[in-house]
Structures are given as C-alpha cells and as structure tokens.
Amino acid sequence: MRVSTSLFQQAEKFIHRCFRELGKTEQEIHERLAEIRMQISESNHYEHTYEELEYGAKMAWRQSNRCIGRLFWDSLHVFDFRQISSAEGVYEALCKHLSYATNEGKIRSTISVFKPRKHNHDPIRLLNHQLLRYAGYEEDGQIIGDPASISFTKYCQSLGWHGNYTDFDLLPWVIQIEGQEPEWYEVPKSLVKEVPLSHPEYEWFADMQLKWYSVPVISDMMLEIGGIEYVAAPFNGWYMETEIGARNLADEFRYDLLPQVASRMGLDIKRNRSLWKDRALLELNAAVLHSFRENGVSIVDHHTAANQFKLFEEKEHACGRSITGDWTWLIPPISPASTHIFHQSYDDTIKSPNFFYQDSPYK
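Position one of the sequence shown corresponds to residue 13 (the working numbering), numbered consecutively onward.
Since the hints were derived computationally from the structure, they do not count as laboratory data. Accuracy of the hints is not assured; some may be wrong.
What the hints assert, rightly or not - Think about it this way: if two alpha-carbon atoms lie no more than 30 Å apart in a straight line, the pair counts; the simulated DSSO-like pairs of lysine-lysine are:
no., residue 1, residue 2
1, K223, K118
2, K363, K322
3, K25, K363
4, K282, K118
To be verified - Label pairs and their calculated CB-CB ranges:
no., residue 1, residue 2, range
5, Q95, S286, 52 to 62 Å
6, G101, Y62, 48 to 58 Å
7, A218, S286, 35 to 45 Å
8, S170, A349, 43 to 53 Å
9, T37, H174, 23 to 33 Å
10, Q356, R259, 15 to 25 Å
11, E150, E47, 48 to 58 Å
The model shown is predicted, which means the values in this text are computed figures rather than measured ones. Cβ atoms here follow ideal geometry from the backbone N, Cα and C, with glycine treated the same way.
Could you build all of it, start to finish, from the sequences and the hints given here?
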C-alpha cells in the first residue's frame, strides 16, 4: 500500500519522537505507523490515541518559543473533548476546564482539546482570544474597559449580548459549530476568581478599584501535532506579574494606568528624567504580586520565572534536546538586563508539535 502524502511524513516524524521519549520499542513504533498509514490511505486523516494527544500537547508547550514558563511542561493536564459536537457541549467543557484550572486559586496548567480540522473543515471554533477577557466600549470618543477588546465586544453585541459598561465586564464565550451561526454564553460568575488589586504600602491604590482575573486561558490558537490541526484547544498556565502589571494595565493601548498611578504617587509626570513611568510601573507590578498572594492565587514574579527558565534550559540540555526561543518575548518587560535571558541568544526555529496563531473566524 502506498501513501504519498505530507501528512504521513509529519505523523511519522511525531510518532518517532513521541514514542522514543515515552520509552516505547521500535516494534511499537512500526506497528503504530502501519495503523496510521492505513487510516491516511482510507480517509486522508488519522486520529491520535489519548496518549499521543496528551504527550503531543506537552511537547507543544515545551517547544513554544515565546513562553518563559516551560519548566513545567510535563505537568500539563489534558482534557480530551474530541467527542463533543454541540455548542452546549463545548460550553459545559469550558466550564469544566475553568473550574479545574482555577482550583480555588492554586492554578493548574490545563488544555482542552476539541475536534480537529478535517479535510479543510473546522468542526468547532472558539471566537474569544481568551476565555476570560474584559470588554471594551467606545462611547463619544471615550473608552470604557479594555481597548484591545473593542472589536470583539462590538461583535458580541451584534450577536445580542449586552454588557454593563464598566471597566471590567467579562465578555461571553462565543462558540461556532461548523455550518451553524455562532452562539454566545455568559461565563458563570461562580467559576471566575477575580483578584481586587491593592498595594502593600499605598492605601490609596485600593481606591482605584482595579481587579484582574486569575487564569489566563488562551483560546484562539491552533495546536498542531503530527500534521493534525486542533483549531479549538484553549490552554492556560498561570500569570507572570508583568503580563498584568507591565502590559495589560500599563500599555498605552490597554488600560494606560501609569499616569494615574504616578500622579497618585506624587511624581512629576511632565519630565521623563523623573523616571515616573519606571517608578509607577514598579509599584503597579508590586501591587499585582501583593494582591494575588493576599488572595491565594498562583502567580510568579519575572525574576523567579527567569530562574525557572534557566533550570528548564539545563534540563533540556541534559536530555540532549536543543533549546529554541524567541528572545524578544522571553525577556521580561521590567528590568530585562537583570536576568540571564537578556544576555543569551536563542534559536527561534519553530518545531512541531507547537501552537500557532490563526485567522479570526469573525469579522
């Protein structure tokens, strides 16, 4: 039997790596590849076993060049939801994912994998960028909430959803089953653990009434394993504080809070040489770390994360695996030169399995 397809070649490469890392024999590899060859010859597709799916997802995390938290790749919990076909079923699965991952604040790295793309058809798509994300509204030239969410918020409103026009309205989940109109579901508030932000020294910080959600669940990327593309595969780790304090709340195109924090600190925001941005940025991040710790929610500071990445590098070298990474993403946005990563160079080769960006299905 002859199979002339790049899919089999991708499957073959994955199975060899996966099975060898799992300690399987050459005979087991040969037998599994024979099964895959048969499936591809009959349908131009093949299905992963749960073991292959689980380890493939872990490999994808391990090879994610932009992630600094890869030390814990082997602890990823994999939910296999490939049997689900309805929007309601996807919604219930997402509830299970969020509950398990949140774990009352002791965040667990989790991925939920739904039906893969087959013959260029996507059976399930999640339209959200993250499962938890705040809405953004544009009213009379003023922005309420997260500016990065304005486009998706308008789309949700076009589907019939209405928010409360606060700075922290959770967007609904929008699920699309192939051949059907997208459906939206409110995120159950009972499953969402939000952290009110305060500062260990500045009492006025709590008066700003800021908060952030505990679990960053990326939901619009594609998981690719051995040529099979899982276009709906939301996954999460836990936050590094700079993601919230130096980006989400500080970027000018996001919540843009540095001027407000600096002013409350009594800093001169009219002169760059006062370093007001730097000082405000530091205290904003200190508030995030303090607040998550006070509320019993997992988070890591950027110095600890860099040390963990160094340990990851050492472990990978010990296993005979080369390290890949995107330096521009691995360096933290605060004090990058104080970490070893800043002084290193990395090979940015993209390996498979991996996670990939994909075009948004909504307009």
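Which numbered conditions among the earlier hints are violated in the structure presented, ordered from lowest to highest?
Going through the list in order, the structure violates hints 4, 6, 7 and 9 and respects the others.
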